[in-house]
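Q: Each protein sequence line maps, in turn, to chains W and C. Its first residue numbered 11, the first sequence is counted upward by one per residue in our numbering. Its first residue numbered 6, the second sequence is counted upward by one per residue in our numbering.
These are computed hints drawn from the structure, not numbers from a lab. Treat the numbers as computed from the prediction; the structure is a model and nothing was measured. Using N, Cα and C, we set each Cβ at its ideal position, and we do this for glycine too. Watch out, some of these pointers could steer you wrong.
[As the list claims (entries may be wrong)] Computed from the model, here is a short list of chain W residues facing chain C with C-beta under 7 Å:
(1) L53
(2) A64
(3) P65
(4) F75
[Claimed, not checked] Calculated pairs, DMTMM-like style, for lysine to aspartate or glutamate (alpha carbon to alpha carbon, straight line, at most 20 Å):
(5) K54(C) x E20(C)
(6) K66(C) x E110(W)
(7) K67(W) x E30(W)
(8) K21(W) x E95(W)
(9) K73(C) x D90(C)
(10) K54(C) x E95(W)
Okay, here's what each chain looks like letter by letter:
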Amino acid sequence: GAGVSQSPSNKVTEKGKDVELRCDPISGHTALYWYRQRLGQGLEFLIYFQGNSAPDKSGLPSDRFSAERTGESVSTLTIQRTQQEDSAVYLCASSLVFHEQYFGPGTRLTVT
Amino acid sequence: AQSVTQPDIHITVSEGASLELRCNYSYGATPYLFWYVQSPGQGLQLLLKYFSGDTLVQGIKGFEAEFKRSQSSFNLRKPSVHWSDAAEYFCAVGAGQGGKLIFGQGTELSVKP
Numbered sequence: 011g012a013g014v015s016q017s018p019s020n021k022v023t024e025k026g027k028d029v030e031l032r033c034d035p036i037s038g039h040t041a042l043y044w045y046r047q048r049l050g051q052g053l054e055f056l057i058y059f060q061g062n063s064a065p066d067k068s069g070l071p072s073d074r075f076s077a078e079r080t081g082e083s084v085s086t087l088t089i090q091r092t093q094q095e096d097s098a099v100y101l102c103a104s105s106l107v108f109h110e111q112y113f114g115p116g117t118r119l120t121v122t
Numbered sequence: 006a007q008s009v010t011q012p013d014i015h016i017t018v019s020e021g022a023s024l025e026l027r028c029n030y031s032y033g034a035t036p037y038l039f040w041y042v043q044s045p046g047q048g049l050q051l052l053l054k055y056f057s058g059d060t061l062v063q064g065i066k067g068f069e070a071e072f073k074r075s076q077s078s079f080n081l082r083k084p085s086v087h088w089s090d091a092a093e094y095f096c097a098v099g100a101g102q103g104g105k106l107i108f109g110q111g112t113e114l115s116v117k118p
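So that you can see chain C by itself, here it is in the shape it has in the complex (with noise of 0.2 Å):
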C-alpha cells in the first residue's frame, strides 16, 4: 500500500540557519511527489512538485526538493530559513489513476529568532 512517512514531527531551528524536512515514501510505481505549506489558520499551498525528469526541482519561497529512488525519499530544503516559514509541512505522493493524495503526517517548523 502507498504510505508516505514525515519522520520529524517537529523541527526548529534559528532563523538563517538551513533546513531539510525529510520525506520517505512508499509507492510501486514511479511517483508524483509533492511537498504542501499549511500555515495556522490558511490552506494548503503548494510548494513544489516532482513528477518525472530532473530529480532537483525548485519551488516557491526558495525551497527546493530532491528525488531519490534508491533512498525512496524526497526531502525538503532552504539554504535559509525566514521567520516566515514557520509553519506545518506536508509531503504528499499521488496515488491510483484518480490522483489522490496520500499525506504524511506533517512536521512542524518553528523558526527561533
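Only chain W is shown next, with the shape it has when bound in the complex (with noise of 0.2 Å):
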C-alpha cells in the first residue's frame, strides 16, 4: 500500500516568512510524528500525535513551531517568522503497531 507522503518536497522561503509542510500518514495509523534533521545531525523529536491530539509536543524548539493534525490522517507543520537555524529536513511518520514508526520522504526547508 501508499506508504507516508509529504509536501512539498523542497521548500526555499525567505527570512520571516511562513511555511505550511504538510503529511500524510500511512491509512489507518492512529500515530504520527514529526522530527527535524539538520545537516550531517541525527533526527530530533518535535511532536507525537495519538488521533487528532497532541500528547507530546515537548520538542517543538519555540512557539514559531506548531502542528495540527485533522480526521486522524493529514497533518500540517507551520513555521511562523522563519529564521535560518530553522533550514533542515522535516520528517513525518506514523504507526500503527506501537514504536514502529515508517517514515515519509521528508521536506527539505531552506531559509534564505
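Build the complex from these two chains, which are given one at a time in their own frames, with help from the hints.
A: Have a look at this one:
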C-alpha cells in the first residue's frame, strides 16, 4: 500500500515568512510524529499525535512552531517567521503497531 | 534522560568484509531499540527492531543486531558488506508512552571496492 507522503519535497523561503509542511500518513495509522534533521545531524523529535490530539509537544523548539492534525489523517507543521536556523529536513512518521514508525521522504526547508 | 550514542561518525569497509556498527543507549526501563538506514535522497527505512525476547534479532538486507543489557548496547552487524550498503545508519530508542524515537547522531558507512 501507499507509504507516508510529504509535501512539498523542497521549500525555499525568505527569512521571516511563514511556511506550512504537510504529511499524509499511512491510512489507519493512529500515531503521527514530526522530526527535524539538520545537516549532518541525527533526527530530533518535535511532536507526537495520537489521533487528533498532541499529548507530547516537548520537542517543538519555540512558539513559532505549531502543528495540527485533522480527521486522524493529514497533519500540517507550521513555522512562523522562519529563521535561518530552521533550515533542515522535516520528516514525518506514522505508526500503527506501537513504536514501529514508518517515515516519509521528508521536506527539505531552506531559509534564505 | 534517554539518549543514544553512536561512537563512530564514519566507517569505511571493503566490499565483502564484515561490519559492526556500535550503538549505546541510556534508558531507565526496558528499551525498545531500532536501527534505521538512510540512503542519499531517501527516507529512513527500518532495518530491524528489538522489543523483547531473543536478544539476537534479524532484519532485512542480511543485517542482525544483538541487544546486550549489561553493556547497554545494540550493535548492528553484517557478515559481508555489499557496495549498496553505503548509507547513513541510525540507532534509536523508543521513549515515553507516545513512543517517540530518540536517535543517535548516525554512522556514515562507505564501502570501497
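Q: So, for every hint listed, does it hold in this structure?
A: Cross-check of the supplied hints:
| no. | hint | verdict |
| --- | --- | --- |
| 1 | L53 | holds (4 Å) |
| 2 | A64 | violated (9 Å) |
| 3 | P65 | holds (6 Å) |
| 4 | F75 | violated (15 Å) |
| 5 | K54(C) x E20(C) | violated (25 Å) |
| 6 | K66(C) x E110(W) | holds (18 Å) |
| 7 | K67(W) x E30(W) | holds (17 Å) |
| 8 | K21(W) x E95(W) | holds (14 Å) |
| 9 | K73(C) x D90(C) | violated (24 Å) |
| 10 | K54(C) x E95(W) | violated (32 Å) |
Of the numbered hints given earlier, the model fails hints 2, 4, 5, 9, 10; all others are met.
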